[in-house]
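Could you build the full structure based on these sequences and the hints that come with them?
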Amino acid sequence: ASLALFMEDSNKMLLATNNGSLYIARGEEAFVFASEEYILNEFLACELAPVLKLEGKAVQLRAGEGLSLDMVTMGVEKFPLTGERAIRDDGYTPPRPLRIIDLSEKEDPSKAELRRCTKCILPETMPFIEFDENGECSYCKAYSYPQLKGVDELEKILAPHRRTDGGPDCVFAFSGGRDSSYGLHVIKKELGMNPVAFTYDWGMVTDLARRNQARLCGKLGVEHILISADIKKKREYIRKNVLAWLKKPELGMIPLFMAGDKHFYHYAYQVMRQTGASVIIFSENMRYERAQFKEGFSGINQATPRPYGISSINKFLLLSYYLKQYARNPAYINTSPLDTISAFYYSYMIKHDYVYTFDYVKWDEGQVNSTLINEYNWELSPDTSATWRIGDGTVPFYNYIYYTVAGFTEHDTFRSHQVRDGVLTREKALELVKEENKPRWETMAWYAHTVGFDLDEAIRVINSLPKLYNS
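If you count by our numbering, then the sequence shown holds residues 12 to 482, one letter each, in order.
It is worth saying that the hints were derived from the structure and are not from the lab.
Ideal Cβ positions, reconstructed from N, Cα and C, are used throughout, including at glycine.
Derived BS3-like pairs: lysine-lysine, alpha-carbon spacing no greater than 25 Å straight-line:
{"no.": "1", "residue 1": "LYS373", "residue 2": "LYS160"}
{"no.": "2", "residue 1": "LYS478", "residue 2": "LYS449"}
{"no.": "3", "residue 1": "LYS167", "residue 2": "LYS200"}
{"no.": "4", "residue 1": "LYS259", "residue 2": "LYS244"}
{"no.": "5", "residue 1": "LYS89", "residue 2": "LYS68"}
{"no.": "6", "residue 1": "LYS23", "residue 2": "LYS89"}
Derived CB-CB ranges, DEER-like:
{"no.": "7", "residue 1": "GLY287", "residue 2": "VAL162", "range": "23 to 29 Å"}
{"no.": "8", "residue 1": "PRO61", "residue 2": "SER239", "range": "27 to 33 Å"}
{"no.": "9", "residue 1": "GLU166", "residue 2": "SER322", "range": "30 to 36 Å"}
{"no.": "10", "residue 1": "GLY232", "residue 2": "LEU349", "range": "35 to 41 Å"}
{"no.": "11", "residue 1": "GLU166", "residue 2": "LYS68", "range": "28 to 34 Å"}
{"no.": "12", "residue 1": "SER322", "residue 2": "ASP241", "range": "31 to 37 Å"}
{"no.": "13", "residue 1": "VAL472", "residue 2": "PHE139", "range": "24 to 30 Å"}
{"no.": "14", "residue 1": "LYS244", "residue 2": "LEU16", "range": "31 to 37 Å"}
{"no.": "15", "residue 1": "GLU40", "residue 2": "GLY161", "range": "51 to 57 Å"}
{"no.": "16", "residue 1": "LYS259", "residue 2": "GLN378", "range": "43 to 49 Å"}
{"no.": "17", "residue 1": "LYS68", "residue 2": "LEU92", "range": "21 to 27 Å"}
{"no.": "18", "residue 1": "VAL70", "residue 2": "LEU257", "range": "48 to 54 Å"}
The structure is reproduced here in structure tokens:
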């Protein structure tokens, strides 16, 4: 975090930062500061700067530094932020809303007699799944996991991007979720890079994610750039698309709820240009996170280790599917299509030329969780036992739909990947998803309230939908 503090009983102002997101510029008659170097340099280039007798470029106040400004003499004195810091260990607990939701007629997917793969735990409702005579599914038979390239190879790739002038040498995409938090730890603490973390807030970054971002960036001394969309508009788009979906529910259209966040691919390149960094690092765990069913429910059958890495013909088929659904359900033709079209473009049409941390570094769930919790006091969500997907407010709602209608969620595909990779037993996977697939009512209530729709009515519609496991 960074702060500016004015004193009532003195002519001094204090600036301090524990992550380096603070830049200053001085002149004879003015002193200016901003949270980003690019913003301040743009101001210094405008015609007002000479009037204020401001010269030069923005200077960073480094992580762990403070500054005292005498506003009479314009004298500046820097000081280190040293000593033991009192960090609260009583994690913030949001108020628990009291809700009574009638679920008396709801079918429980956990009790459905779903046929599951005998090797992993994917159910018969998974799109395009087939079973052989031994009960092994087609996903187990077809999917191969790439070999880890190793930390040494990652070091070689990053070496040309390291800077010696103290500037950021990489842009790190930081959602505040589990894997990006651990990835930032690896890139900064273990590999010694000097990243600038970047978050695109499209209105669904939860307060929990923000607090965890502050924990990581503060302790690691990493500058954090937050780019905010027009959140009011983004939430309006989500609301209109959720309400349109509820009129004619189609599982293949659920990704429309998340279209608003895809612009972060565009802004990642913008931040790289503005900061002078030369590489973008992502820490998505695509070895296990790949959830083919989201495209599968749209009629797309292509297993690929990358999100959005589908073939040209499948991109055309996916676009055709969306156009067909728009024609069938005119409620989708609202104020959001331009935002959705640009999301499709950034997702499927631009080159995703990034370095993926976990293509090189082994991802071990126990190590990830223990590192974050023990070293950074990383906060968990009170409404789930899972540590994955707890920083995105959209996830519990769409997973509730998938679970209610199809009998599985992202957790089932994630755990199935782990079973295939030999890091988890099938029995343990079944045990975990039984807990992880439980509805997260508190976060769902936050989502509905924040976006602006009636959760009770939405639940009624979802619960009344025909179930794939009964067909």
